[in-house]
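Protein sequences, first through last, are from chains A and B.
Under my numbering, residues 9 to 269 are what the first sequence spells out, in order.
Under my numbering, residues 72 to 135 are what the second sequence spells out, in order.
Don't take each hint at face value.
The following label-pair restraints were derived from C-beta to C-beta distances [what the hints assert, rightly or not]:
| id | chain 1 | residue 1 | chain 2 | residue 2 | range |
| --- | --- | --- | --- | --- | --- |
| 1 | B | R133 | A | D62 | 47 to 57 Å |
| 2 | A | Q52 | B | R133 | 34 to 44 Å |
| 3 | B | I122 | A | W214 | 29 to 39 Å |
| 4 | B | P108 | A | T57 | 32 to 42 Å |
| 5 | B | V86 | A | E72 | 25 to 35 Å |
| 6 | B | P108 | A | G159 | 47 to 57 Å |
| 7 | A | I199 | B | L79 | 35 to 45 Å |
| 8 | B | V86 | A | L17 | 26 to 36 Å |
Keep in mind that the hints were calculated from the coordinates and are not lab data.
Here a beta-carbon is modelled for each residue, glycine too, at the ideal position from N, C-alpha and C.
Single-letter residue listing:
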Amino acid sequence: MKQFSTLLLKEWRENLRNYKIFWIPVVFILLGVTEPLSNYYLPQILDATGGLPDGAVIELPDPEPEQLLVAVMGQFQLIGMLVLALAYMGSIAGERRNGTATLLYVRPLSYVSYFLSKWLMASIVALISVWAGFLAGYYYTAVLFSAVPFGEFLAFAATYSLWMVLVVTLVLFASASMPNAGLAAGLTLAILLILQLVDSLFGSRWEWSPLKLPNYAASFLDIGPDATALIWTFAISLACLIGLAALGIWFSKRNRAKTKV
Amino acid sequence: MVDERTILLVLPILVLQIALMIFALVDLIRNPNPNGPKWMWAAIVVLLNIIGPILYFVIGRRNY
Numbered sequence: 009m010k011q012f013s014t015l016l017l018k019e020w021r022e023n024l025r026n027y028k029i030f031w032i033p034v035v036f037i038l039l040g041v042t043e044p045l046s047n048y049y050l051p052q053i054l055d056a057t058g059g060l061p062d063g064a065v066i067e068l069p070d071p072e073p074e075q076l077l078v079a080v081m082g083q084f085q086l087i088g089m090l091v092l093a094l095a096y097m098g099s100i101a102g103e104r105r106n107g108t109a110t111l112l113y114v115r116p117l118s119y120v121s122y123f124l125s126k127w128l129m130a131s132i133v134a135l136i137s138v139w140a141g142f143l144a145g146y147y148y149t150a151v152l153f154s155a156v157p158f159g160e161f162l163a164f165a166a167t168y169s170l171w172m173v174l175v176v177t178l179v180l181f182a183s184a185s186m187p188n189a190g191l192a193a194g195l196t197l198a199i200l201l202i203l204q205l206v207d208s209l210f211g212s213r214w215e216w217s218p219l220k221l222p223n224y225a226a227s228f229l230d231i232g233p234d235a236t237a238l239i240w241t242f243a244i245s246l247a248c249l250i251g252l253a254a255l256g257i258w259f260s261k262r263n264r265a266k267t268k269v
Numbered sequence: 072m073v074d075e076r077t078i079l080l081v082l083p084i085l086v087l088q089i090a091l092m093i094f095a096l097v098d099l100i101r102n103p104n105p106n107g108p109k110w111m112w113a114a115i116v117v118l119l120n121i122i123g124p125i126l127y128f129v130i131g132r133r134n135y
């Protein structure tokens with residue numbers, strides 16, 4: 009336990025000093041704010057960028073506030089996950105490259121603490137970012153259009169949070185198993201893209217899959233997801249999370265044997 | 072055309088963008104060994120909104 013808190017302090021300092029704890033939330037907030045704002049100013053933007061003949065009248069229906077939050081989530085799914093994957097791709101692979109890992113390997117290190125300290129810090133940064141981004145989007149949507157019921161919003165953001173933690177676990181697993189940071193990010197994005205493709209092609213055949221977490225999150229803003237499907241999805245997601253973390257710990261342990269000094 | 076409401080709405084975005092830029096620039100100045108010439112990264116950070124600082128933090132920082 010003492011080792012864990014020491015390692016966590018090291019991770020905390022690292023995230024503070026390389027500004028990750030500041031810039032990642034700022035990116036997510038910008039993503040969250042831009043979506044409602046650009047929808048609100050869409051008529052003016054169309055007007056200013058031109059191409060329309062004089063007197064053309066476009067009637068744009070006001071977007072539903074729920075749609076805007078789902079669009080914010082779409083941005084997180086694309087740019088947000090890319091940013092997280094690139095920011096944390098080096099958390100284990102990079103330490104092996106720059107020598108920090110060798111300093112750790114010569115000590116009696118608990119690899120559970122080593123992996124989990126990194127996982128906890130990355131998850132905290134990801135959750136701060138997601139919640140800050142969603143709250144900013146929620147606030148702007150409420151001011152510019154109309155408010156989504158706050159309870160539904162909380163369920164939506166909480167469900168999406170589990171998905172984000174799962175993504176962070178995948179990034180760290182990739183960083184532990186791959187020889188360098190670039191391959192770790194590549195593996196993460198390849199797994200996510202392929203699984204999402206499979207799920208969108210054949211996903212109607214099953215209801216329980218961690219990849220459906222964003223969909224279930226979005227359906228909280230609508231009629232609400234099916235309770236049993238949601239519970240099973242949560243259970244399977246937690247199982248995947250624990251499995252990935254265990255594999256990550258095993259790989260970080262194996263890295264020690266592969267070190268040449 | 073630009074009324075007070077618009078300014079109030081867009082102001083937070085500007086503040087955040089400038090904050091992001093300042094984080095990146097402070098880090099760049101204190102970084103002894105960025106991945107590429109410093110003046111190039113300074114130009115990228117200042118000229119490309121949002122994407123510039125992200126690129127610097129991800130590629131220019133050598134933190135992996």
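Going down the list of hints, with the structure as the test:
{"no.": "1", "hint": "B/R133 - A/D62: 47 to 57 Å", "result": "holds, 54 Å"}
{"no.": "2", "hint": "A/Q52 - B/R133: 34 to 44 Å", "result": "holds, 42 Å"}
{"no.": "3", "hint": "B/I122 - A/W214: 29 to 39 Å", "result": "holds, 37 Å"}
{"no.": "4", "hint": "B/P108 - A/T57: 32 to 42 Å", "result": "holds, 35 Å"}
{"no.": "5", "hint": "B/V86 - A/E72: 25 to 35 Å", "result": "holds, 28 Å"}
{"no.": "6", "hint": "B/P108 - A/G159: 47 to 57 Å", "result": "holds, 52 Å"}
{"no.": "7", "hint": "A/I199 - B/L79: 35 to 45 Å", "result": "holds, 43 Å"}
{"no.": "8", "hint": "B/V86 - A/L17: 26 to 36 Å", "result": "holds, 31 Å"}
Checked against the numbered hints above, the structure breaks none of them.
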